[in-house]
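Protein sequences, first through last, are from chains A and B. So for the first sequence, the numbering used here puts the first residue at 1; every next one is plus one. So for the second sequence, the numbering used here puts the first residue at 583; every next one is plus one.
Because the hints were derived from the structure by calculation, they are not lab data. Watch out, some of these pointers could steer you wrong.
[Said to hold, decoys possible] Here are some, though not all, of the chain A residues that point toward chain B, as calculated from beta-carbon distances under 7 Å:
1) G103
2) A170
3) E307
[To be verified] To give an idea of the interface, some chain B residues facing chain A are shown, with a C-beta separation under 7 Å as derived from the structure:
4) K727
5) W741
6) D749
Don't be surprised by glycine CBs; every beta carbon is placed ideally from N, CA and C.
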Amino acid sequence: MAAVCAASRVLGRKIVSSKALPVVWQTSNRKLHFSVYGKGGDAKVSDAISTQYPVVDHEFDAVVVGAGGAGLRAAFGLSEAGFNTACVTKLFPTRSHTVAAQGGINAALGNMEEDDWRWHFYDTVKGSDWLGDQDAIHYMTEQAPAAVVELENFGMPFSRTEEGRIYQRAFGGQSLKFGKGGQAHRCCCVADRTGHSLLHTLYGRSLRYDTSYFVEYFALDLLMEDGECKGVIALCMEDGSIHRFRAKNTVIATGGYGRTYFSCTSAHTSTGDGNAMVTRAGLPCQDLEFVQFHPTGIYGAGCLITEGCRGEGGILINSEGERFMERYAPNAKDLASRDVVSRSMTIELREGRYNILNLYYNINLLFCAQNTVITHKDGEDTVVPGLYACGESGCASVHGANRLGANSLLDLVVFGRACALTIAETDTPGEKLSPLKPNAGEASVANMDKIRFANGSTRTSEIRLNIYSFQQSIVWNTDLVETLELQNLMLNGVQTIVSAEARTESRGAHAREDFKDRVDEYDYSKSLQGQVKKPFEQHWRKHTLSYVDPKTGKVTLEYRPVIDNSLNAEECAAIPPAIRSY
Amino acid sequence: MRNIRFCASLAPPRSSRVYLVSLNDDAGIVIFNRQNILELCNFLLRHDTGKAHNRLVQHPRKMSLLHVCCTTVRGLVKKGLFLESTYTACLRTAGYASGGVAKDKEPVKKAKTPQGRFDMDETESKSKDVFERFPDDVHPETKEKGGPRGPEPTRYGDWERKGRCIDF
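Excised from the complex, chain B in its bound form:
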């Protein structure tokens, strides 16, 4: 399988499938069922001739369809990388239910960023408005309805908002 230029491995949650995306001239998406991966790897290693070949391998109905397209061109990625990735993918799927039955316990959460200044509580996430609304949106002195809140923006001759000059 030297001829597959390996790109990424995806192991979706609650699935026993591993998708290996490779970019060849004819892009192939290689889909493996976890249970067959090792088998496939052995098979591929044994048949590593470096020559072009097209194979369509159909697996018995119970398992997912194994569809392998591989064509030649130049080998770019070493075998090792390919196998390493499949191994990682395998591990990932091993964590999922075997035999294709999805257990939906806790959904997989994205790891939270380390505690820092960007980490905020859910309740705080709503941005605080610096300026308070006027009652009925009417400015008490100028009686302007629907105007900008806070101090008068044009009081310094430019359009000032929160200390910054936006227009002048």
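Isolated chain A (complex conformation):
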């Protein structure tokens, strides 16, 4: 009934105006459907931004955007440390895309055979094709066993060996003794639903702490002032109210942007909102061109077929029924390595010998995209105060040019916890917040308003008036949220494209036909003696930082060197670059 009343009120006003005037209604008429949890329920309503959009101001010590694996871990890590934390998420926590992960978490526990985290470190550095920052990888692999044990103590039901220790299995790219000792068994799983179990364990654990969850709040933008991040502005999808979360520390854990691709394995909600927020704030995103594809996927369906299908006798056929791999790899044929197969398929596609309907396997499925960064470069790395990122949207550059399977769930928990620890070190709970301009976030609201009314203003036909007025309601306007997500996807997409075009080499997940080789500062396939080191501008072993000007859509690129030293050279020696071959 309330909805009908609200809708009819909207309708009535809309009939009166035929221009694109925003609907005017008194604030007092609208019942705002939120309740403030947690301590300090002093949310104030103000119309400091605009009278049409009443804004609710909240104050917290820390705000986490996103409630997947990384977001939850950061949120309750902060609550545990005594911070008054808010977790703003557009999905219910257990619906985040982490739930889809089936594979496990890598950790050098040494339950199946003797293992050392330094070997895991080596595997990850090599897997990243020497684009990963070795200090971050050192941190992650060293913390991995502790992180897995912590999860197990939270109640995550890992599968067990006979003795009751966590069962570990072999997974891609993990070896012993720095690559020389054969396959390592490091992957800890929970049957075939590790991600699901991880998320539910973390969610259950987080309920012990008094984190305030703001579920189904779509984060619009960061509140930046003087280069400092002072919080987040979000739209409550349920009742259309705008909320400003002021906090000294903001953590972005919004996940990846799989949905920029037509055929992908990501959830419909993987729209890179955090990346876009950061971009609009004028900060760079790092290494967006490294997007993981899989060669045997079903076009449009968004599922992948295991590569074992080739190993078991499957044959790749083009639309003419020809076994085309024979032409590209006469000896290995269908059993050629993945990148050879992918390249052959691309050529076949381009020459028109494909048939989508006929289950032609297409190289177009995204698995995991990479990264934003919080450091602002002026020739050097500087930190944006108050802003952190973790998980798939955050880039400590652990994965570099290629993410190894089972390392991504590890990345979530380790860096989620790391964010919480760093904030706990640098800040204390209950600190007074620096002042924020009263109209902070105005631009986001203006943008949202523009999108919301973009279509309806010229409609005069009375039948359609009903439909569009409904769509323009701010309450549960999923169309509006989808449009905002599309804006975010486009920002991510354009950066990916421009970065990828600029990188004239093939490294890890970024493969180009015109530049097939890796271009490093030295040619590592030969001996280093006598070689001249290429200057920074001429090689590609560096991170790409991309900025977008939201008004013009122009992408500018800058570069930042890879960190080649580990956290502690005595504990763990850095791995010098080499050719990556398995």
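Chain B: place on chain A using the hints.
Showing chain B alone in chain A's frame:
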């Protein structure tokens, strides 16, 4: 009643009431008792002046309260549509017990979808598990307890399940 923009008619089962929901500026829910509908329609037709009017009609205690709110604005739905809907609603209520006494014979069932591939027997609806459980949930060879069923998912280097690659 040209001024009511008609939206929907609801005739709940076992009820002799018809709810006509209309969306005006002040949304009104017009509730009629079947027995009075025709009377009301005649009344409304007679008084169709097109002008704004507010009426509260209270019916004797025995029948349900007739609460009519109608306000103006622009007429959008023709009279015919309104009457047609009330007629349909009437028919529906006519099928129910008259005089407001509900007979609960067979509850009104939703019509089943035409027989097709989605139609399943109740007993079959429980999804069949492709992989059988191991006894005691322990894998016979690897002795893994609580692990994934079926063939080893990582045997091809990625995480494979039912032929699909889920993680790699």
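Each hint, compared with the structure:
no., hint, in the structure
1, G103, "holds (3 Å)"
2, A170, "holds (6 Å)"
3, E307, "holds (6 Å)"
4, K727, "holds (4 Å)"
5, W741, "holds (4 Å)"
6, D749, "holds (3 Å)"
Hint compliance for this structure: no hint is broken.
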